[in-house]
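There are 4 protein chains.
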Amino acid sequence: MKKIVSVIGGRTCNKEVEKLAHDLGKKLAKVVDILVSGGLGGTMEAVCKGFKAGGGLTIGILPGYDKKDANKHVDITLPTGLGLARNVLVVKSADVVVALPGEAGTLSEIAYCLQFGIPVISLKSWDIPGVIKVNTIEEAVKKTKQLLQKA
Amino acid sequence: MKKIVSVIGGRTCNKEVEKLAHDLGKKLAKVVDILVSGGLGGTMEAVCKGFKAGGGLTIGILPGYDKKDANKHVDITLPTGLGLARNVLVVKSADVVVALPGEAGTLSEIAYCLQFGIPVISLKSWDIPGVIKVNTIEEAVKKTKQLLQKA
Amino acid sequence: MKKIVSVIGGRTCNKEVEKLAHDLGKKLAKVVDILVSGGLGGTMEAVCKGFKAGGGLTIGILPGYDKKDANKHVDITLPTGLGLARNVLVVKSADVVVALPGEAGTLSEIAYCLQFGIPVISLKSWDIPGVIKVNTIEEAVKKTKQLLQKA
Amino acid sequence: MKKIVSVIGGRTCNKEVEKLAHDLGKKLAKVVDILVSGGLGGTMEAVCKGFKAGGGLTIGILPGYDKKDANKHVDITLPTGLGLARNVLVVKSADVVVALPGEAGTLSEIAYCLQFGIPVISLKSWDIPGVIKVNTIEEAVKKTKQLLQKA
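Protein chains in written order, with our numbering: chain H, 221 to 371; chain B, 221 to 371; chain G, 221 to 371; chain C, 221 to 371.
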């Protein structure tokens, strides 16, 4: 069974977060083969693009039924039609989750991680008791690698 | 179509929160006919008990498939088998949500309220930007009543 | 805990099936207090209308997020946003299910009944091994009553 | 975006169906890269084993939350915790579905295919109006290949 990292974050993002997501994705691909995300635009698209540039395989778990909603860097598209209930699937697939800046949707996913006991690394995202706060991509990747070895 | 309030909170609770939930339930029954909750024990059970004592009808939206998991104050049991994805249903059913003390599960439900734009009143619960903080049952009930009139 | 009947059937229907659904609903209300349905139009609307005319309480479990999608005879609207996955909830809520004419959606619901072991009465609907075939409304209501007593 | 075939069928199966599933999986891997299944035992395990033997990548969409429930030939495990509602995801992921012998669960999945308009090939499985009946593995694989080219 392959190890999986999920990256969560907003459906829209500014240039700075876009670069953060892309570079995170690219470096994560050096430590894990499979990236799961919500499969849409913004942060999700940037991290998928980076992860593929790094040589990884990307899975997008969509809220709707239309595969065309996936960003173009998603290799495997799962159109759930579950709406926001798909947030559970995005995090439960993962051995480790990395949270990037995002709003309430990202918060619901962090909350699910805490409830499931899935380790969640917060890189400039919500600061909720229980998350593993890091300040740089390098720290996020290093921490992901350590946690995957234990998973 | 009937107006609905959902009350969210922990699956276990101390005596103080149990009383808070019960008394909240009882008073909410004066301003709204239907209570939705997650249907299990702890805060959910206390609020259902109070709401029925106040003359209301209670709906429990369970994570599992067994109707017997519902607390005994649930009138209408919906066993979803959806696990934690049922959290979406608990809040989306509501015109107004009241959050009582709880942990990550409650946080995921508050986050969903914020994402859906459902007004969420926090009574000694999580303090997240966007929630309506109140300090007493009376304030919670008054605010619920106001919000239901707009819904 | 209240007993529940679910009635399943097509989203559109001809006049004959509309009358069948309406009359079934009206008579079911004499033997059970709560009707669950998918909450939309066609057969679902007709059965809700009849059930309310008979004095019962109707619950609509919607595939989408918009309460306005419910037909006007739904008292309690649960907008799941789960798409067709909500079919599971429609049948799992019930102690007994009655199937009216419908297409693939109705078939998926019958299949779920069989998988869960929920008794499913087929009134001019799919004839799948395991369903309880009846030919008239009276038989359907009588059989529902019997099965509810055992539930 | 990669093309996907889903194979559905019973959680338990006799030796004959096990061989059928295995050989189907092995041959399907020559015409498509990704296999989705429900990830459990019986038919699902046999088809995953065959598909991997043929060089493909297997995804298991589980009803529960425990990745250990997946059979050992699943590469990518998605533990949904959605119970039987996960059936929607198994078929909606696919460009083409192949149904093997199974009971009510398989029937619910065939019904969803018909409702979504996903082509579903029945190889010794349910004979419902709308399915594409075939009698041999070779026909199933040939038909899958044709349908994938159109998808």
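No wet-lab data here; the hints were simulated from the structure. Heads up, some of the hints might be wrong.
Since the list can't tell identical chains apart, any single copy or any two copies may satisfy a pair.
[What the hints assert, rightly or not] Below, in silico cross-link-like pairs of lysine to aspartate or glutamate (EDC-like), each with a Cα-Cα straight-line distance of 16 Å or less:
#1 K246 to E359
#2 K288 to D243
#3 K353 to D253
#4 K222 to D286
#5 K288 to E358
#6 K365 to D289
#7 K250 to E359
#8 K223 to D286
#9 K344 to E238
#10 K287 to D243
Hint by hint, here is what the structure shows:
no.	hint	in the structure
1	K246 to E359	within (14 Å within a copy, 42 Å between copies)
2	K288 to D243	neither (25 Å within a copy, 32 Å between copies)
3	K353 to D253	neither (23 Å within a copy, 38 Å between copies)
4	K222 to D286	between (26 Å within a copy, 15 Å between copies)
5	K288 to E358	neither (33 Å within a copy, 31 Å between copies)
6	K365 to D289	neither (31 Å within a copy, 25 Å between copies)
7	K250 to E359	within (14 Å within a copy, 42 Å between copies)
8	K223 to D286	between (27 Å within a copy, 14 Å between copies)
9	K344 to E238	within (13 Å within a copy, 36 Å between copies)
10	K287 to D243	neither (25 Å within a copy, 29 Å between copies)
The structure fails to meet hints 2, 3, 5, 6, 10 from the earlier list, while all remaining hints are met.
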